[in-house]
Amino acid sequence: MPSLEEQFEAFTHVFDRLKSEVARAFVGQPHLVEHVLICLFSNGHALLEGLPGLGKTLLVKTLSDALDLKFSRIQCTPDLMPADVIGTNLLVEDARGIQRFEFQRGPLFGNIILVDEINRTTPKTQSAFLEAMQEHRVTVLGESHLLEDPFLVLATQNPIELEGTYPLPEAQLDRFLFKLKVDYPTIDELSRIVDLTTAGEVHQVSRVCDRQTVADLSALVRRVKIAENVKRYALRITMASHPDSPEAADLVRQFVNYGASPRAAQSMILGAKVKALADGRYNVSLDDLRAMALPSLRHRLLLNFEGEVAKVTTDDLVGEILAKIRPS
Amino acid sequence: MTDAERIRAKVNQVRSRFFFLLLANFVAVAVCGVALVAALAGFRDEPAGRPVLLAAVAFGLTAGLLAILRTPSGPATAARVDRRLGLQQRLETAWECLASRDELDLLLLRDAAQRVHYVQTSIVAPLRFSRATKISVLAGVMLVLGVSIFRILDRSNRWGVFPLESSARAGQGASPAGVAERTTTRTAEAPKPGRAEFRQVGTLDGAPQLAGRASQQPGTAPDVSLLFPAQEPPSSPAAGKGASADRPGDASRRADASSRVVNPQLDAGAPDKRASRGSELPVTQPGRTPADLPSGAASPGSTAGAASVRKSLQQTVASPAGPSSGRTGGSRAGSAGPAAGPAQGRDRGSAENADAAFIARYARQYPAMGPVSDAVLASQGIPPGMRQYIAAYFAAIHR
Chain A
1 MPSLEEQFEA FTHVFDRLKS EVARAFVGQP HLVEHVLICL FSNGHALLEG
51 LPGLGKTLLV KTLSDALDLK FSRIQCTPDL MPADVIGTNL LVEDARGIQR
101 FEFQRGPLFG NIILVDEINR TTPKTQSAFL EAMQEHRVTV LGESHLLEDP
151 FLVLATQNPI ELEGTYPLPE AQLDRFLFKL KVDYPTIDEL SRIVDLTTAG
201 EVHQVSRVCD RQTVADLSAL VRRVKIAENV KRYALRITMA SHPDSPEAAD
251 LVRQFVNYGA SPRAAQSMIL GAKVKALADG RYNVSLDDLR AMALPSLRHR
301 LLLNFEGEVA KVTTDDLVGE ILAKIRPS
Chain S
1 MTDAERIRAK VNQVRSRFFF LLLANFVAVA VCGVALVAAL AGFRDEPAGR
51 PVLLAAVAFG LTAGLLAILR TPSGPATAAR VDRRLGLQQR LETAWECLAS
101 RDELDLLLLR DAAQRVHYVQ TSIVAPLRFS RATKISVLAG VMLVLGVSIF
151 RILDRSNRWG VFPLESSARA GQGASPAGVA ERTTTRTAEA PKPGRAEFRQ
201 VGTLDGAPQL AGRASQQPGT APDVSLLFPA QEPPSSPAAG KGASADRPGD
251 ASRRADASSR VVNPQLDAGA PDKRASRGSE LPVTQPGRTP ADLPSGAASP
301 GSTAGAASVR KSLQQTVASP AGPSSGRTGG SRAGSAGPAA GPAQGRDRGS
351 AENADAAFIA RYARQYPAMG PVSDAVLASQ GIPPGMRQYI AAYFAAIHR
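Chains as they are written, first to last, in this note's numbering: chain A, 1 to 328; chain S, 1 to 399.
Next up, chain A with everything else stripped away, as it sits in the complex:
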């Protein structure tokens, strides 16, 4: 049994190696990769928002290869039904001719689930993900089925072509630990992408760790210390997202209808703990919290009508909150 210090060192080592392995196939956007890994070790889920063709699917696939985890992909369409996602009971007949119902697992039973264009499926199907994401289990006809850990849902949605889509309800958005934006690559990154995909080079991603290691390291995350003052800073940031809060920024008062839920504080602190471990620290710092504030809060702020009309983004609001709230 390795000592605690060795486990912490192993975490840092695994985290760095995962980043470098993913970077071999997925060019650029190191912050996106880091945040996805943070979601993985936090046992959270991420909503990736970006235009088509930016490598979202490649990122998830590369990650599952590096971790030697079971990867599933669900392409959401308006006619996708919950049973298509969760699974269903099928009538099967055994060798003796006895017929019985047997639960046929859906694609949700995996370790890393890519839910592509989640906003194109109906709310009924979207809600099928709720229990799985929160409880790590599904219930079919009164029977619960546990999902294997690690269980990471990476959902994507397209910010354009919103006709015929079903925007995710707030309750479901709140289930996601982070909302990550996939940006366009820079010209240098694009050059490398072109080289990788048109020159016939094949980069095999090495396996960094197995499923059990990921589970152990995820458990280690929760032991990271956070000082009381640092924790209060995270709570103040969360509270400042509410328009009726005394510490709310002016933009928040003007354009926010509802602020972030307590899950935002949980996400921020949990993500900050992973980041601290990845940086080789045993404690959470204020910088960790600031780095986690944007992905934790941006999908948890509900704009009012004025905000929608003024085209204020939640990123602006989070930036305003961070500028206003100073550690005590």
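It should be emphasised that the hints constitute simulated quantities derived from the structure, not laboratory data. Check the hints yourself; a few may be wrong.
[Unchecked claim] Just a sample of chain A residues kept apart from chain S, beta carbon distances all over 12 Å, derived:
{"no.": "1", "residue": "Leu90"}
{"no.": "2", "residue": "Asn119"}
{"no.": "3", "residue": "Ala227"}
{"no.": "4", "residue": "Gln254"}
{"no.": "5", "residue": "Lys324"}
{"no.": "6", "residue": "Ser328"}
[Unchecked claim] Simulated restraints, written as ranges between beta carbons of each label pair:
{"no.": "7", "chain 1": "S", "residue 1": "Ser130", "chain 2": "A", "residue 2": "Asp316", "range": "32 to 42 Å"}
{"no.": "8", "chain 1": "S", "residue 1": "Leu98", "chain 2": "A", "residue 2": "Gln7", "range": "17 to 27 Å"}
{"no.": "9", "chain 1": "S", "residue 1": "Leu69", "chain 2": "A", "residue 2": "Gln7", "range": "42 to 52 Å"}
{"no.": "10", "chain 1": "A", "residue 1": "Gln7", "chain 2": "S", "residue 2": "Ser130", "range": "42 to 52 Å"}
{"no.": "11", "chain 1": "A", "residue 1": "Glu306", "chain 2": "S", "residue 2": "Ile68", "range": "45 to 55 Å"}
{"no.": "12", "chain 1": "S", "residue 1": "Ala139", "chain 2": "A", "residue 2": "Arg223", "range": "50 to 60 Å"}
[What the hints assert, rightly or not] Output of the computed footprint for chain A on chain S, the stretches with three or more beta carbons under 8 Å from beta carbons of chain A:
{"no.": "13", "region": "99 to 111"}
{"no.": "14", "region": "126 to 138"}
Every value quoted in this text rests on a predicted model; they were computed, and no experiment measured them. C-beta: ideal position from N, C-alpha, C; glycine also.
Given chain A, work out where chain S should sit, using these hints.
Okay, now just chain S, sitting in the frame of chain A:
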């Protein structure tokens, strides 16, 4: 020494430095405050030493108290060290785990202790004054300089803001012409509230009084009146001509001076603006004219005049109806004509005899003035800022 002890020692060391830095900041402000009090003490009629001492004690205690109260606590100090050294809240977190024996906490303590072990407190808390301190000190220095410069500019008390003894001293050392000029300035300028134009008038009870606008204000003139038997301190000739009245062998001019205004311009035929006001001045014993004054009292502002007035007042007390009792104020009463009265004739004689007699009278009378001056200085009715001037006046008499 364990990691926890090393961390605690380092944090306490930094705390002590924070305390002394705060103390230095507050003491700097306190010194400015004391200097300001010392500069402003000139406005008061008390000796400057006591308020300055009190201010120094009060400011010092306040500075010490504020430094104690504002010294950061242990966790706050650890947080400051973290911020200063970029320790990513290692020390702050470790401070909360000082008593813990958890494996992770021990790791945390070791990590923090290694990072702060070689840190110098001067790096964490460099000696510098805060912005608020700098602004306060600058404002204090400017105020002190402003007050000091104003006092220097107003040594002649032209604006009457400072009842400085410097004014009295300047009057003593100045030439008669200068004093006359100053007197002219003072008497010619418009009277201000609370300021008295000091003129002597006789009283029935034998005490000289001041007449003037300020004397009509309740509670001001009656006290001050005891102090100014003449228009100017006796050590300084009130006016060029008034001073000459004391010269030996010039008794006739002395008699004339009793009715003369101290402004030399008036002697030169300039119109006396005050003459028109003379009728307004209270003369406590109607019927007395400047001509009734003894020759020594005829020179307002001269020592001889002051003594003569007192002597005449004594005589008044002895025989209230005596024709020789001096009642001054004639110089303001507009009686510019010949003022020789019956008393003048008695004092005419040789100048030497007159002076010798005056000195003898003054020497006899002065001891009685001591309690009078004390009583006056203890009076509550003296206008603000006048007490020091009065004290200087008595000192001048004494000299």
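Now for the hints, and whether the structure bears them out:
1. The claim that leucine 90 of chain A lies off the interface holds: its Cβ sits roughly 49 Å from the closest Cβ of chain S, which is beyond the 12 Å cut-off.
2. The beta carbon of asparagine 119 of chain A sits about 38 Å from the closest Cβ of chain S, which is more than 12 Å, so the claim that it is off the interface holds.
3. The claim that alanine 227 of chain A lies off the interface is violated: its Cβ sits roughly 4 Å from the closest Cβ of chain S, which falls inside the 12 Å cut-off.
4. No Cβ of chain S comes within 12 Å of the Cβ of glutamine 254 of chain A; the nearest lies about 32 Å off, and the non-interface call holds.
5. At roughly 18 Å from the closest C-beta of chain S, the C-beta of lysine 324 of chain A stays outside 12 Å, upholding its exclusion from the interface.
6. Consistency note on serine 328 of chain A: stated as away from chain S, yet its beta-carbon is not over 12 Å from all of that chain's, at 9 Å minimum.
7. For the pair serine 130 of chain S and aspartate 316 of chain A, the supplied restraint of 32 to 42 Å holds, since their beta-carbon distance comes to about 34 Å.
8. Here the CB-CB span from leucine 98 of chain S to glutamine 7 of chain A is close to 23 Å, well matched to the stated 17 to 27 Å.
9. A hinted range of 42 to 52 Å for the beta carbons of leucine 69 of chain S and glutamine 7 of chain A is consistent with their spacing of about 45 Å.
10. The hint said 42 to 52 Å for the Cβ distance between glutamine 7 of chain A and serine 130 of chain S, and at roughly 45 Å that hint holds.
11. Restraint check, glutamate 306 of chain A to isoleucine 68 of chain S: a C-beta distance of roughly 50 Å satisfies the suggested window 45 to 55 Å.
12. A beta carbon spacing of about 53 Å between alanine 139 of chain S and arginine 223 of chain A agrees with the range 50 to 60 Å that was offered as a hint.
13. A stretch counts as covered by a chain when three or more of its residues have a beta carbon under 8 Å from one of that chain; for the region 99 to 111 of chain S and chain A the count is 6, and the coverage holds.
14. Counting residues of the region 126 to 138 of chain S whose CB lies closer than 8 Å to any CB of chain A gives 0, so the stated coverage by that chain is violated, three being the minimum.
Of the numbered hints stated above, those contradicted by the structure are hints 3, 6 and 14, listed in ascending order.
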